[in-house]
Amino acid sequence: MQNILILANGEMAKHFVQWVGKSRIDENHYYITCNIQHETVKGSSNLTFVPDDPTSFLKIKKLMKNVSFSVVFVVIKDRDEALYSYQNVRMVDLKIRIVFVSLWDDLVLEDENMSLININEMMASHLYEHLPNVPVIAKDIGLGKGEIMEVLVPFGSTYAYRHIGSISHRKWRIAAIYRNEKQILPNNATMIRPNDILVILGNPTILEELYKRITRRKGLFPEPFGRNLYLILDMTLQDTEIMRRLNEAIYLSKKFSNSKLYVCLISITLSSLVEEIQAMQTQELTVLINYNHHELLSKIEYDTSQYDIGLFLVDYYLLEQKVFQNLFYDLRRSVYLFGNLSLYDIHESILLMGEDREMESLSSSVFDLSESLGLKFTLGYYSSEGDFKEKQNIIAYYESLSALYNFKITINEKKVNPILELKNQHGVLHIAPFKKSVFNRPLMEFFSTRISRYFLSIKKHPQILIPIEE
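Numbering that gives the first Met the number 0 puts the sequence shown at residues 0 to 469.
There may be inaccurate statements among the hints.
[Stated by the list, open to error] Lysine to aspartate or glutamate pairs mimicking EDC-like chemistry, simulated, CA-CA at most 16 Å apart: (1) Lys60 with Asp92; (2) Lys181 with Asp92; (3) Lys422 with Glu347; (4) Lys64 with Asp92; (5) Lys414 with Glu389; (6) Lys211 with Glu149; (7) Lys170 with Glu347.
To be clear, the hints were calculated from the coordinates, so they are not data collected in a lab.
The task is simple: from the sequences and hints, build the whole structure.
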């Protein structure tokens, strides 16, 4: 349920509220401060009328403190009252999205989290569309059955700070991005940012589901890389280790909503365990057998596309081989690495502070992953020099996401070698950016503080690598 605040008065506000009252969107609840007669929308259970004056800062502050709103509409006929109401909202929350309806052509508001709707321009545009020989706009193009759609990327979306090349596209494409009133024709290297408007094309049913995934802020991992899990299970391992990996994979697939598990058995032996695993198949668990080791790479690549794989589950020894390093890196999917400790012994996820761009790219997936697994989340800022001022903007960004997700995080600042600190941790799931440098082991490992070049040798913890663009 999303709460929407409408600050409104005047005739236009009356019509807007009447439209809202007719809405069949059950996921929204509207809080309305206006002088409109309640009878005009009588019988609407998702409307709450608030008798507060929107120009009063204290009243707006109290209202926004008691209710968490996702967006605020300012639809007020008097210019001064409209501006006072807007400023009151901004003093309470600097990041909340505001839709401001303007009747004044000279009004300019510099706010990246606000949509300014000029009524005069909108009416002129609507009239212009009725002129002869004028091309129609996107809403009238194509079959008119929903195969062309606009989606606003909200702050905290799992699609925000993702490069288009890292997103799984099945029966849909991003045709254009609108940002700061400019059009972008995207390529694989284009990064999606909060408040971008995406023009997407594809199967209408797929787009409806995609819209929900883009606008939702949690419960989606391993999206946007893909929906399902793929366990590569080496049958030469001891039976107990085979079953531990399989059970961990099943546990993860159940934690991630609407995800299926595909189990690829490799290095097949005469063990009866193969038949036992095959007998475990359900609608949510499919067993695939690879008999030809030379075709394994091509099979994994094919299965990734065929089954919409978003997360691989593998052993460390596979990722130590150059061919698998290149394969997983090129596929741009997340990778779960089994640790010596079982996932059942894990109570906390940890992400170590890195470059600003990496931290932004990882943020939504880290919150989503931690909450889905029921883990506490720690942002570890470990520095040998003890200079903690450099990344305060990233800390503030993660704290704002924490408030948005309503998910508590711990910021741990320590003057310590980050590699040694991670090695000494107990019961943690280490989350890290998946980039080329994770495969480059320095000669003097012990003295290196570049965690991305060392953590693969720490096999104590299970780890998840999440793709980022470099």
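How the hints compare with the structure:
1. Lys60 with Asp92: holds (9 Å)
2. Lys181 with Asp92: Violated, at roughly 26 Å.
3. Lys422 with Glu347: holds (14 Å)
4. Lys64 with Asp92: Measuring from Cα to Cα gives roughly 10 Å; hence the hint holds.
5. Lys414 with Glu389: Given that 16 Å is the threshold and the Cα spacing comes to 14 Å, the pair holds.
6. Lys211 with Glu149: Holds. Lys211 to Glu149 sits at ~12 Å (cutoff 16 Å).
7. Lys170 with Glu347: violated (37 Å)
The structure shown violates the earlier hints numbered 2 and 7.
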